[in-house]
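Colleague: In case you want the letters, here they are:
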Amino acid sequence: MGIRKIHPMAAVAMFALAATPALSDENANLVVNGEINMTVRAAAPAHMENVSEVQSGWLFRANETQQFQMDDFDNPGMIWVDKAAASWSKAEGSEDKSCASCHDDPESMAGVKAVYPKWNEAAGEVRTLELQINDCRENRMGAEPWKYTGGDMINMTALIASVSRGMPVNVAIDGPVQSTWEQGKELYYARTGQLELSCANCHEDNYGNMIRADHLSQGQINGFPVYRLKNAKLNSVHSRFKGCVRDTRAETYSPASAEFIALELYVASRGNGLSVEGPSVRN
Amino acid sequence: MASGVKPRVKVPKTAAAGDVVTIKTLISHKMESGQRKNKDGSPIPRSIINRFTCDFNGENVIDVTLEPSISTNPYFQFEAKVPASGDFTFTWYDDDGEVYKTSKSIAVA
Chain A
1 MGIRKIHPMA AVAMFALAAT PALSDENANL VVNGEINMTV RAAAPAHMEN
51 VSEVQSGWLF RANETQQFQM DDFDNPGMIW VDKAAASWSK AEGSEDKSCA
101 SCHDDPESMA GVKAVYPKWN EAAGEVRTLE LQINDCRENR MGAEPWKYTG
151 GDMINMTALI ASVSRGMPVN VAIDGPVQST WEQGKELYYA RTGQLELSCA
201 NCHEDNYGNM IRADHLSQGQ INGFPVYRLK NAKLNSVHSR FKGCVRDTRA
251 ETYSPASAEF IALELYVASR GNGLSVEGPS VRN
Chain B
1001 MASGVKPRVK VPKTAAAGDV VTIKTLISHK MESGQRKNKD GSPIPRSIIN
1051 RFTCDFNGEN VIDVTLEPSI STNPYFQFEA KVPASGDFTF TWYDDDGEVY
1101 KTSKSIAVA
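These protein sequences, in sequence, are chains A and B.
FYI, in our numbering the residues of the first sequence are 1 to 283.
FYI, in our numbering the residues of the second sequence are 1001 to 1109.
It should be emphasised that the hints constitute simulated quantities derived from the structure, not laboratory data.
Cβ atoms here follow ideal geometry from the backbone N, Cα and C, with glycine treated the same way.
Do not take every clue at face value.
The calculated lysine to aspartate or glutamate pairs, modelled on DMTMM-like cross-linking and capped at a C-alpha distance of 25 Å, are [stated by the list, open to error]:
| # | chain 1 | residue 1 | chain 2 | residue 2 |
| --- | --- | --- | --- | --- |
| 1 | B | K1030 | B | D1063 |
| 2 | B | K1101 | A | D82 |
| 3 | B | K1006 | A | D71 |
| 4 | B | K1104 | A | D71 |
| 5 | B | K1006 | A | E92 |
| 6 | A | K83 | A | D152 |
| 7 | A | K147 | A | D96 |
Derived CB-CB ranges, DEER-like [to be verified]:
| # | chain 1 | residue 1 | chain 2 | residue 2 | range |
| --- | --- | --- | --- | --- | --- |
| 8 | A | A46 | B | K1104 | 24 to 30 Å |
| 9 | A | A172 | B | V1005 | 41 to 47 Å |
| 10 | A | K90 | B | E1098 | 21 to 27 Å |
| 11 | A | Q194 | B | T1065 | 50 to 56 Å |
| 12 | B | T1065 | A | A258 | 52 to 58 Å |
| 13 | B | R1046 | A | Q178 | 52 to 58 Å |
| 14 | A | N33 | B | P1068 | 30 to 36 Å |
| 15 | B | K1104 | A | A190 | 52 to 58 Å |
| 16 | A | S254 | B | K1010 | 39 to 45 Å |
| 17 | B | K1024 | A | G111 | 29 to 35 Å |
Chain A extracted, bound-state conformation (with noise of 0.2 Å):
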């Protein structure tokens, strides 16, 4: 008697409940060496039915997570920055040109990421700036192009993100990618795979709820190319799609398929109005 037995089952909930990972302030603020303000929460673009407010991923990580953003020396996504900003000015190809030789400074390229995906009329697509770069490469260095989502590119599109730090995502929805938009807003809130899940359902339906042992975010891709402490790399858009669609036991996409394009569009202009954070930290 006045022993109280715990039931298993109770002592099984209480541990998960001690077992929760520490979750982050949420009314934090990012800025980043001291200098740059990023917005991590604005309120929601109009084409968004379900959500009033975008949240940056950077605001469902752990403290310790989200410090390494907080400063360039942290960041460990800033070495490959540092890579890119190398070849930057290496010449290549039969033109024997370089990044360097029409667009200077990489600092010239402020204000690119913040608005890509984004129309091209002379090719008369919508052009990502993985596929970009790669027509640089190919019609203006003669060079090979880089693999979509190779250490090269991811590199460079780092460097270029990272000039654009800070400035809010502004990612046109209508004139000629309006078809690609309605594609790729069909691809969020369809279901794939055998679990049945679309983007929407972990993204727009349950963030800020736990999946396991996941924070779920809004799946927001204003902080890409992200440094994954998962992999410990740095990751393309395309790669983490492909990620998420093959989590839901579908077979997925290819990164540069028209597909992921349209979705990458839609995706990003779920995020106008947060700051672009490339290179981010994620877990």
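With chain A fixed as given, assemble chain B onto it according to the hints.
Modeller: The following block gives chain B in isolation, referenced to the frame of chain A:
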């Protein structure tokens, strides 16, 4: 020879005499442990940074021996007491005999 090696350090530009300052260092290096095998099954030779030192005006602050299985891009953060203005010099020693040096000045007001 290891490629793409780049040392970087962060030291405050100024301090008051006797202040303890935080120093951060990182060197990009693949730190190949020597334990791994390539596709043919032959071992990949060891290639690591085996020693790191920091001196202040000729006086040693820290001297570290690094062993295999320390991960890529080794990062060190440590504190140093700064009695007067001067230079921190940082040195990394590579297995292949290469020595990477960099230095940073700090002014004591």
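Colleague: Against the earlier hints, flag every one the structure doesn't satisfy and list their numbers going up.
Modeller: 8
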